[in-house]
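Participant: Residue numbers (my numbering), protein chains in the order written: chain B, 18 to 363; chain P, 18 to 363; chain S, 18 to 363; chain Z, 18 to 363.
Among these hints, one or two may not hold up.
The list treats identical chains as interchangeable, and a pair is accepted whether it falls inside one copy or across any two copies.
Straight-line alpha carbon distances no greater than 30 Å define the calculated DSS-like cross-link-like pairs of lysine-lysine that follow [stated by the list, open to error]:
1. Lys222 <-> Lys129
2. Lys282 <-> Lys113
3. Lys22 <-> Lys288
4. Lys75 <-> Lys285
5. Lys286 <-> Lys155
6. Lys285 <-> Lys186
7. Lys242 <-> Lys285
8. Lys110 <-> Lys129
It is worth saying that the hints were derived from the structure and are not from the lab.
4 protein chains.
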Amino acid sequence: MTKIKVAILGASGYTGSELLRFLVNHPRVELSYLTADRSAGKKLHEVLPVFKDIIDIKLHPLETGKIPDNIDFAFTALPHGTSANIVKYLYEKGIKVVDLGADFRLSYKVYKEWYGQHPCPELIDKAVYGLPELSRAKIKKTRIVANPGCYPESSILPLAPLLKNEIIKSNTIIIDSKSGVSGAGRSADLAFNFCEVNEGLKAYKIGEHRHMPEIIEVLSDFSGKKVALNFTPHLIPMDRGILSTVYVDLKKKMNTNELLSVYNKFYKKEKFIRIMPENVYPSTHQVRGSNFCDIGCKVILQQKKAIIISVIDNLVKGASGQAVQNMNIMMGFPEDTGLNIPPVFP
Amino acid sequence: MTKIKVAILGASGYTGSELLRFLVNHPRVELSYLTADRSAGKKLHEVLPVFKDIIDIKLHPLETGKIPDNIDFAFTALPHGTSANIVKYLYEKGIKVVDLGADFRLSYKVYKEWYGQHPCPELIDKAVYGLPELSRAKIKKTRIVANPGCYPESSILPLAPLLKNEIIKSNTIIIDSKSGVSGAGRSADLAFNFCEVNEGLKAYKIGEHRHMPEIIEVLSDFSGKKVALNFTPHLIPMDRGILSTVYVDLKKKMNTNELLSVYNKFYKKEKFIRIMPENVYPSTHQVRGSNFCDIGCKVILQQKKAIIISVIDNLVKGASGQAVQNMNIMMGFPEDTGLNIPPVFP
Amino acid sequence: MTKIKVAILGASGYTGSELLRFLVNHPRVELSYLTADRSAGKKLHEVLPVFKDIIDIKLHPLETGKIPDNIDFAFTALPHGTSANIVKYLYEKGIKVVDLGADFRLSYKVYKEWYGQHPCPELIDKAVYGLPELSRAKIKKTRIVANPGCYPESSILPLAPLLKNEIIKSNTIIIDSKSGVSGAGRSADLAFNFCEVNEGLKAYKIGEHRHMPEIIEVLSDFSGKKVALNFTPHLIPMDRGILSTVYVDLKKKMNTNELLSVYNKFYKKEKFIRIMPENVYPSTHQVRGSNFCDIGCKVILQQKKAIIISVIDNLVKGASGQAVQNMNIMMGFPEDTGLNIPPVFP
Amino acid sequence: MTKIKVAILGASGYTGSELLRFLVNHPRVELSYLTADRSAGKKLHEVLPVFKDIIDIKLHPLETGKIPDNIDFAFTALPHGTSANIVKYLYEKGIKVVDLGADFRLSYKVYKEWYGQHPCPELIDKAVYGLPELSRAKIKKTRIVANPGCYPESSILPLAPLLKNEIIKSNTIIIDSKSGVSGAGRSADLAFNFCEVNEGLKAYKIGEHRHMPEIIEVLSDFSGKKVALNFTPHLIPMDRGILSTVYVDLKKKMNTNELLSVYNKFYKKEKFIRIMPENVYPSTHQVRGSNFCDIGCKVILQQKKAIIISVIDNLVKGASGQAVQNMNIMMGFPEDTGLNIPPVFP
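Only chain B is shown next, with the shape it has when bound in the complex (with noise of 0.2 Å):
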């Protein structure tokens, strides 16, 4: 099978790491160029040991007019804001692109509004959110996707056939979620210093986390409604997963199982969505290392509320795992080439 040339730009954070992780055994990838900028020079096992001997690769610096004219397919790893640039870049060169980061999934106003000027508004029509399970089509046929933000893919995934089978009020949602520190990415801060974060939790940004805005978004944009929510995000001690627990209004009478059917209904040809049976909840512990995404659900009759749970991977299928099913459609190759990893327990 011919490979294809990908660069990472941004290699050397937890989502590059994980890109690696992913795309080292990918049958259909070779990894050829990767960007660190504070790091430039260094072979990648000097930041990232666990890749000894398996990637014998040089860390560049982030310039454009250093990417190699022969890559085929780039993923960006970046900051927002440096994000938007390098992806004009490519664009312009003909080099698709995944996005792991934020500029390319909010429309010209809500972006404006919630992170300022955007670098480069031409592009964000270009761009499609990458949501597979919601709208593979549009990736397929697009050169720059947007990868999620890791709460909105497991805020989005349990609402969305929601809020598109109109069984819930879209204006009364709930998001209560928990995510492991990874999410806050690799770089030295006293907030995710060991002992700041081990031991305890607590609640952030209540009502004014920028992944709030991306879930509303791409929500009304799917179902057609204007959807209003409320959306609390918590910080676990502990490396990876998110865990979203998820309060809505039925706007019927039903029961657990006949919601647990719509799920296995609306996510029946998706490999990594699992649903799981009456009674049982999902865990973090069970999609930790892998692209699934698990759901359970219990409705409380007497009230006509349903608690969806959502556990994902933050740095799978809340970034990396994503990103590379993403570029799988993106090339045409089978969506799970490569994620075929089972979780890693315990």
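Could you slot chains P, S and Z onto chain B? The hints should help.
Facilitator: What follows is chains P, S and Z alone, placed relative to chain B:
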């Protein structure tokens, strides 16, 4: 100062251990009698090495007939069902007791529904629910205190002021609680083995946890309103701490600062309740090992919603510290005696 | 490619789970038969939810008579004692087996001393100790492999080259090992409850651990020297990983680089052994989930001492990955088939 | 009782926080002055929320000129080098000080070798190494105490009785130490980010840690022997605790019980040293949050080796608790004032 002779029935678990930590330095308490059924005959420090060279007491089996007559006060930290009969014995002997179990927290009817037939229904009315911030006067006069459950402690304290002041709708409350593992007690159970719990989280007993009716009854009694709510507990990979994220609908428009002043006013004289300033949300880190309940909140103006965050140490304000506070009140000691220990960080 | 039918006897524990993780994607393996005595009758994913929608197999009770005749290869992950009789049955049926237990790791005499009477002494000589880096040729020819213990794996690999090359004194070796909790297996035991293990560490079975005679016998056999050593295991609050700190006396003066070149030469062709450069000591982080053993060292010149650090994932190179590597050798598959999975970080 | 006015210079780190935890309830101490250079101007509880509503003090910048004249006693918890000049200022002002840094722990010559030129060599002889179990009389008389490093505290206490009693060889000692992450201090550093540290362990600075010469000098001085040893520190994924595994060669045959009685005799009157019975090895769990050092041991008869296990809380007996103990001695208070707090478990 004279000292009272205190017994702890069920001293070898986590709540027993915490009782000992607070009582060993309590200036009005002499630790007289400890039971631990499965470890009877051993020295305390053989099952709780922390107390080596601090408490030199042998553990007794749990037999009412063997409880010494000169005991002035008892704490029962026993499985529900077992507890009720011991409490009855103590009551008849005239020994005041704080029961850390569930046997006297609920009305006859609700107990029956959630736990089964009550072993001593005649005593239910003698017992007072031991949340001093709501019912200090009654605690002062009773001989049996039902110590609150850990989740109820963390849920009732943030909700009581809002219900009492008629600020929120009483039937749309959502409580999303996250607890450390010590809440499950000290026993051999695969479900709580290190590798089953560490590095992951899950929801459990959604809408079915026995602490839910406790929260509802106490809040309904206190506020005089019929409270309806949704309670979802989660297990977090940490030893101690409960963080409850409470979602409420405001009856009228108010901002975060106005909501905070409701709390500040209601808890003005309470030594163990600390209200965070605007934009600060408490972490369980800041109460670990202490008897504090810290509360912060955020109003989402356009939705007339408020999100309230409360944190406690489940073993202290959620169990043993609360129990000592109740003893102090029942015995006429200054309420914070033995409890003025700052939190332990990190 | 044709596939062999594989049985795992004892599939529901941590080593069973890891075998499944590696075998499910192994191109030459068909998972045919799984036992799990206490969960017999259940589906695999009911006890190991990670495998939902990946492996759809029912768990059988452990009865030799029920093992299907068409099995080509078996892994036994059973308590010692139990294992031996199963292995005997398989041997007589002509089914090759890797035993992950302790029953065939030791000589008759040493087994008796440390474990008691051996159930099938006649088979001891048929079995080969399965450390391919030391005895690949023998593994190729045997029908029973005794898979190394996790501590021995992490201790023998750093010591074998030094003893074989007569670089160190054979009777002053000290091994200070630190293991994650999964090494204790998957069972209900208060000693391994989350709160008993988390946030603390301890030494145990000092000079008495059953892995000590295993290390001594294997190293003595391999080097032809009478090895004497001191082994102290410690329990570390983490899921996976063993780090062994090995203290040795050098027979002659040499520096760190010279010592490293001994390792580099000895393990030159070994795919799963990685030698760190000078001044770099491996962390268990860098091998988690993978079949690597990473080794680093430091010579203290003035004392003619060397300190060697080895790290493995106790469940992979210390158990199930090693077992699959042994199967590959026994069956004539490329040795790394199914094991080319990079470590998982973070 | 009259109170002394106490200053903490460097109050916002982990050792500063622990000093505050012990001093806030110390009956002879009034917290008068706190500095925290990077947080100057803030209230203490803004950087250490544990102290909200407990300590209402503003943080000052670190400027000698601004230290109030009425301070009676000071603790310095500052980087080495910085500390020395502050200590000099305090000394000249006649303010007694416990320095938690490294500036006065070593002789002039050894300091120069390991830390560089000493800022105030003239003061080195005025300072006393603050390990009361070895040098209580000197501490009583000095105005400058150099508080021991955390690793030395955990290493010297198990070794001193054996060297003093000439029971072990003084030049073949091996110390394998394992420390929680708080030992690295409270600062932004990628190496101590949660995901870099959690779920793994590593050795570091093998034979090069600055605490090694401290251990050697103190033990040599105390025993009158030239001590040579090997020190390897490891970083463990937990907040607090040091466990040191010490390997020694016995000069003559003795069994475990005989060795234990050496300890029991040597430390008979010591309130903060607890000796475990035979076959019990201490866990760091049993000292967390307390000023205890617990010691257990095992003799390997045939090798004439002993393995000694010592555990401390690195922030308490390894830092701030030890510092308060030293202050008590220097000020003539009962030595355990403010330190009678049981360990916190779990």
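Participant: Does each hint fit the structure? Answer for all of them.
Facilitator: Verification of the supplied hints:
no.: 1; hint: Lys222 <-> Lys129; in the structure: within (19 Å within a copy, 42 Å between copies)
no.: 2; hint: Lys282 <-> Lys113; in the structure: neither (33 Å within a copy, 44 Å between copies)
no.: 3; hint: Lys22 <-> Lys288; in the structure: both (26 Å within a copy, 25 Å between copies)
no.: 4; hint: Lys75 <-> Lys285; in the structure: between (43 Å within a copy, 23 Å between copies)
no.: 5; hint: Lys286 <-> Lys155; in the structure: within (18 Å within a copy, 48 Å between copies)
no.: 6; hint: Lys285 <-> Lys186; in the structure: within (24 Å within a copy, 39 Å between copies)
no.: 7; hint: Lys242 <-> Lys285; in the structure: within (24 Å within a copy, 45 Å between copies)
no.: 8; hint: Lys110 <-> Lys129; in the structure: within (26 Å within a copy, 58 Å between copies)
Going down the numbered hints, you'll see the structure goes against just number 2.
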